[in-house]
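Asker: Read off the chains here:
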Amino acid sequence: MQLDLRTLQTFHKMANRGASQAAERLSELTDTEAEVKVTKVKFVSPQDLEDEIDTTKEHVSVSVDLAGGPGGRSIVLFDQNVVADITDTMLDETGRRDGGSGIDGHKDIVNKPIPRSAATEMANMMSCGFIDGWADVLDVAIDVSPPNFRSGSTSQELFGSLETVGDGVELALMFQSRIELVGTEYSFRHFLIPSIPDLDAVLREDRELHHGFDFEKIIGFDQMVQKGAEEASNSMEMLTGQNTDVQVRHLNFVRVDSIPQEMGSESVVGVAFTYDGLPSGYLLFVFTEESAINIINHLLPRETDEPFGDLGQSALMELGNIMASGVLDGWANVLGTMIDHSPPEFIHDMGSAVIDPIAANIGQQQEYAFVFDTEIIADDAEFDCAIYSVCEEGDLEEALNRLNMDELHKARETPSFPISGDDGDL
Amino acid sequence: MTDSGESGNTGLLSDEAFAEEIPDDIQRVGIGEHSIDTAPAEMATYGLGSCIAIVLYHKPTQTGGLVHVMLPKEETIKGEKSEWRFADTGTINLIENLEEATQSSHSEFVAKIVGGSQMFPFDNFGSNIGERNIESAKETLEKCNIPIVGEDVGGDFGRSVVFSLDSGDVSVTTATEEINKL
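As given, the protein sequences belong to chains V and U, one line each in that order. Using the working numbering, you'd call the opening residue of the first sequence number 319 and step up by one each time. Using the working numbering, you'd call the opening residue of the second sequence number -6 and step up by one each time.
Possibly wrong hints are sitting among the right ones.
Stretch by stretch, here's where chain U covers chain V in the computed footprint (C-beta under 8 Å, at least three residues) [to be verified]: (1) 381 to 391; (2) 664 to 672.
If you want the ones that stay clear, here's a sample from chain V, every Cβ over 12 Å from chain U, calculated [as the list claims (entries may be wrong)]: (3) Ser576; (4) Glu636; (5) Ile640.
Derived from the structure by calculation, the hints contain no laboratory data. A virtual CB, placed ideally from N, CA and C, is assigned to each residue, including glycine.
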């Protein structure tokens, strides 16, 4: 599949339009205001899907398979304990309260026909909202299969067998949203994992590509981010003497003005850089205050009463500098390009205030951006580090086009779709 | 009455990591978003770096509005865009919406502005967007003859804002928890 930035923006419009319509349907059904809290377009591997699910909890999913439009599978996912409460609300609304869900507590709720059917109906209405939104944006008709109810705590149990993505696909595209019922603790997650061949076909009909790149090159992009994260983790290990792991790694395509919103107002400590080459952009290492103090104490010969004084700042900037070189050298090696970075800048302030100048700067040229976020965690010490990078779009397309896919395939052994899973039942 | 347009939130580390420090009963206004409401409502925006919050208040009806903008001027940006992200068009839109909500002329409004820091001192982070945001908002308010009765702008630190429609007061908090009431 050929992609360009306009296509990725279309994906974003689909995700947003679908989420708005689904929230509207949920509001009507529950008589409670529903808000779209998160909308993302991500590139995911089978392993990334595993990471999406909190395996310590039992969840419920309702999925439909799509024919036409993006194809693939649309999945609404929520906690099992939402089922009983929502069921009772729905039965109240429809005047069928006699006995309600018939459930005391939430145990085994998914095996009871009434709550199961009510939950399926609710999730199906949300799915239809999403699908109508996508159909509007793509201007196509989309048919859906009957809903499929699943329960469990792993992605295989909840997403089912994802043969719909396409055979041998290493990275799937995923549209992800979270919708909350205002004033309640209920939240619903939605995933669309389209079929790459179907999406390609529907987009091919109505687009003119400008400086496009092949979808496969996103795999190289993902590999680039992985390599950079590993290099940064190695640098951190070398300087702090602690074993570290890359815990989370995401490749997101987002609207620029949404970048600062999830950083919150809590104080964080950051080391920021600009980088220049293929690609160009901004790199930011973010530490919680506690992590920063612990790292500074590892780096300095003796503990200091003023961790964010000149000595502490300088130690953290030095660490940031070495990590930045690691990240960018890792990228340059994969891409076969040169990337230089600026001297480090120390910052200690509210999270979103730290990143908003970066969003504003990049927002002067572009509406959307690729954001890579990675989390590095120390095995035996109380510190971690989040790495954010925002790339300038034109450079990125050029860098992607330079990728040698044969070399990448040689270097890579990763699982591919379809993943196995239970097909669920009705 | 918060309008978030199409933006939504991105979720950098995880959806659950979404930090919601503002209490549920206060309307949160994100970047490129605005809100208009009447007493006793309160609205807030947090973590302003180079972004600015423009607050308008109509005392007779205890009605006000807040917009959180990211960039100075709409005309300098090419392509599809939301007017609420810019200091000039965001301010104009907020004025028009408040006129409609209060059925009053903007000559009865007062304004307060907060934010516009230069968080990073070096040139690599552009030509001081914070300062240009402040200039653009002030210029727009001046053109509309709306007096700026309070401001907490500039510097190199972040700010959070809570706007109370009861009094028209704006409380500004920094990372060091200094509070400035405008």
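Asker: None of the hints should be skipped; say for each whether it holds.
Answerer: Hint check:
1. 381 to 391: violated (count 0)
2. 664 to 672: holds (count 8)
3. Ser576: violated, 4 Å
4. Glu636: holds, 17 Å
5. Ile640: holds, 19 Å
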